[in-house]
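Numbering (this note's numbering), first residue to last: 244 to 698.
Calculated from the structure, these hints are not laboratory results. Hints may be right or wrong, so weigh each one.
Once the Cα atoms are required to be at most 20 Å apart in a straight line, the calculated EDC-like pairs of lysine to aspartate or glutamate come out as [as the list claims (entries may be wrong)]:
#1 K353 / D510
#2 K268 / D510
#3 K517 / E595
#4 K601 / D621
#5 K267 / D510
#6 K517 / D670
#7 K353 / E594
#8 K601 / D670
#9 K614 / E598
#10 K602 / D510
#11 K517 / E594
#12 K268 / D621
#13 K517 / E487
#14 K614 / E595
#15 K361 / E265
#16 K353 / E595
#17 K362 / E425
#18 K267 / D670
#19 K354 / D510
#20 K354 / E595
#21 K517 / E357
#22 K354 / E598
#23 K568 / E595
Okay, the calculated beta carbon distance ranges per label pair [as the list claims (entries may be wrong)]:
#24 N592 / V629: 46 to 56 Å
#25 M407 / K267: 40 to 50 Å
#26 T450 / N599: 26 to 36 Å
#27 A573 / A461: 26 to 36 Å
#28 A452 / E595: 17 to 27 Å
#29 I279 / E594: 38 to 48 Å
#30 A351 / V629: 39 to 49 Å
#31 K601 / K262: 16 to 26 Å
#32 I279 / A452: 21 to 31 Å
#33 L641 / E594: 30 to 40 Å
Here the structure is a predicted model, which is why all the values come from computation and not from measurement. By construction, the Cβ of each residue, glycine as well, lies at the ideal position given by its N, Cα and C atoms.
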Amino acid sequence: MASRADNIASTLSLANFSKATELKKRIWFTVGALIIFRFLSFVPLPGVNPLVLQSLYEQTRGGILDMFNAFSGGGLERMSLIALGVMPYITASIVVQLAASLHPALMALKKEGEAGRKKLNQYTRYGAVLLCGIQGYFVAQGLEAYGASSGLQAVVDPGLMFRMGAVISLIGGTMFLLWLGEQITSRGIGNGVSLIIMSGIVAQMPTFASNVMNQYSAGDTGSITIILLVVLVVAMILFICFMERAQRRLLIQYPKRATQRGMMQADRSHLPLKINTAGVIPPIFASSLLLLPLTITQFAGKSLSPESTAGQLVVSLNQYLGHGKPLYMALYAAGIIFFCFFYTAVVFNPEETSENLKKNGGFIPGIRPGKNTATYLDYVLTRITVIGAGYLTIVCVLPEYFLSQTGLPLLFMGGTSLLIVVNVTVDTITQIQSHLLAHQYGDLIKKAKLKGRLR
Numbered sequence: 244m245a246s247r248a249d250n251i252a253s254t255l256s257l258a259n260f261s262k263a264t265e266l267k268k269r270i271w272f273t274v275g276a277l278i279i280f281r282f283l284s285f286v287p288l289p290g291v292n293p294l295v296l297q298s299l300y301e302q303t304r305g306g307i308l309d310m311f312n313a314f315s316g317g318g319l320e321r322m323s324l325i326a327l328g329v330m331p332y333i334t335a336s337i338v339v340q341l342a343a344s345l346h347p348a349l350m351a352l353k354k355e356g357e358a359g360r361k362k363l364n365q366y367t368r369y370g371a372v373l374l375c376g377i378q379g380y381f382v383a384q385g386l387e388a389y390g391a392s393s394g395l396q397a398v399v400d401p402g403l404m405f406r407m408g409a410v411i412s413l414i415g416g417t418m419f420l421l422w423l424g425e426q427i428t429s430r431g432i433g434n435g436v437s438l439i440i441m442s443g444i445v446a447q448m449p450t451f452a453s454n455v456m457n458q459y460s461a462g463d464t465g466s467i468t469i470i471l472l473v474v475l476v477v478a479m480i481l482f483i484c485f486m487e488r489a490q491r492r493l494l495i496q497y498p499k500r501a502t503q504r505g506m507m508q509a510d511r512s513h514l515p516l517k518i519n520t521a522g523v524i525p526p527i528f529a530s531s532l533l534l535l536p537l538t539i540t541q542f543a544g545k546s547l548s549p550e551s552t553a554g555q556l557v558v559s560l561n562q563y564l565g566h567g568k569p570l571y572m573a574l575y576a577a578g579i580i581f582f583c584f585f586y587t588a589v590v591f592n593p594e595e596t597s598e599n600l601k602k603n604g605g606f607i608p609g610i611r612p613g614k615n616t617a618t619y620l621d622y623v624l625t626r627i628t629v630i631g632a633g634y635l636t637i638v639c640v641l642p643e644y645f646l647s648q649t650g651l652p653l654l655f656m657g658g659t660s661l662l663i664v665v666n667v668t669v670d671t672i673t674q675i676q677s678h679l680l681a682h683q684y685g686d687l688i689k690k691a692k693l694k695g696r697l698r
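Go ahead and model the full structure; you've got the sequences and the hints to work with.
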């Protein structure tokens, strides 16, 4: 039998949306923040010639920079203030979370609750600043050597002052994006950092679609390939939506409780375990770890001689770890599987869940409370995580293989990008429905109070 909350949720309509004043303010704030993010992607670094840079970027199109450019919303192509995007923060969070699982002091800090979480978040920001400084320096160094072989100069006045200004600007741009993401999370709708990444990917959709149509017009891509592409995208979207809502529901039994009116019937509930507990974090973590060294080597390699040992090493690294290459896809799949299990262990603690059930008198039928329940939860979670890791690997690696075989430049259709867009969209819509449901409950409470006063 459906609960009252389910009945109210099924009757949600757009008419209720017009009455939810706070929800509309949150949505407008989110839209305004994302517009600011898009404006910033068009503000170039000081000392960079945007016209020359665009010409040079066209010569190197199709490499790892295209994917990094997609995540930054085109900021890397224009070498804007937010060219690095939020990827340094994501990479720093990987390091901090790994350290928090291995280092005793950080592990104790993690168990302190909200205060410990704030401290770890502060360490993550410090790490993001450090990574921004390292990446920014190599980007500035690569820009100075960018186009030297073709006689074009992307930097107007190369030198130490340009490098310092570029590093400071890139650090400031990334930190501003993190602040903007926190404001969206607290005052808007959805997760701010995820929405910034998603809006950057969606902003590249017209460009990628235009490139595909140009290839089709030129005869480089056939009609069958385009049809297969559309079918694959639609099938993947449906598959992602199905798997993201899939759950393993464990029955939780509560004992009968004595009240003044007599013995109550035993309560039953369910503990929902998502098939994909880790969400979009594993593909983002895996791709960011692959992007970090490749971005540095691709920019730093501009200043190295191809005949030198270091230059040959950089060329080999970028060649074997390019999109669609077997080594890249193998490392990508291994990274997704590892981070899927790792992040699931971070966000779900079987021992803590078992203790909470025991304190509330709940138990799983046939399983003794305490340690046995924790072991059973770990057993179930491990097996559904295998399915979740396989699902994420297929969704992220299959499009990479398809793109490498067809030669399409449609990196938006890449598994990571599509997974982020679908997940963030579903999560945002769910939050909007939650706000509408809370607003409808508020109206019901007000009407009940008004009837009580009239009586």
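Going through the hints against the structure:
| no. | hint | result |
| --- | --- | --- |
| 1 | K353 / D510 | violated (34 Å) |
| 2 | K268 / D510 | violated (40 Å) |
| 3 | K517 / E595 | holds (17 Å) |
| 4 | K601 / D621 | holds (16 Å) |
| 5 | K267 / D510 | violated (38 Å) |
| 6 | K517 / D670 | holds (14 Å) |
| 7 | K353 / E594 | holds (15 Å) |
| 8 | K601 / D670 | violated (31 Å) |
| 9 | K614 / E598 | holds (9 Å) |
| 10 | K602 / D510 | holds (15 Å) |
| 11 | K517 / E594 | holds (18 Å) |
| 12 | K268 / D621 | violated (42 Å) |
| 13 | K517 / E487 | holds (8 Å) |
| 14 | K614 / E595 | holds (10 Å) |
| 15 | K361 / E265 | violated (27 Å) |
| 16 | K353 / E595 | holds (14 Å) |
| 17 | K362 / E425 | holds (16 Å) |
| 18 | K267 / D670 | holds (17 Å) |
| 19 | K354 / D510 | violated (31 Å) |
| 20 | K354 / E595 | holds (11 Å) |
| 21 | K517 / E357 | violated (24 Å) |
| 22 | K354 / E598 | holds (15 Å) |
| 23 | K568 / E595 | violated (42 Å) |
| 24 | N592 / V629: 46 to 56 Å | violated (19 Å) |
| 25 | M407 / K267: 40 to 50 Å | holds (44 Å) |
| 26 | T450 / N599: 26 to 36 Å | violated (49 Å) |
| 27 | A573 / A461: 26 to 36 Å | holds (33 Å) |
| 28 | A452 / E595: 17 to 27 Å | violated (46 Å) |
| 29 | I279 / E594: 38 to 48 Å | holds (43 Å) |
| 30 | A351 / V629: 39 to 49 Å | violated (31 Å) |
| 31 | K601 / K262: 16 to 26 Å | violated (43 Å) |
| 32 | I279 / A452: 21 to 31 Å | holds (25 Å) |
| 33 | L641 / E594: 30 to 40 Å | holds (36 Å) |
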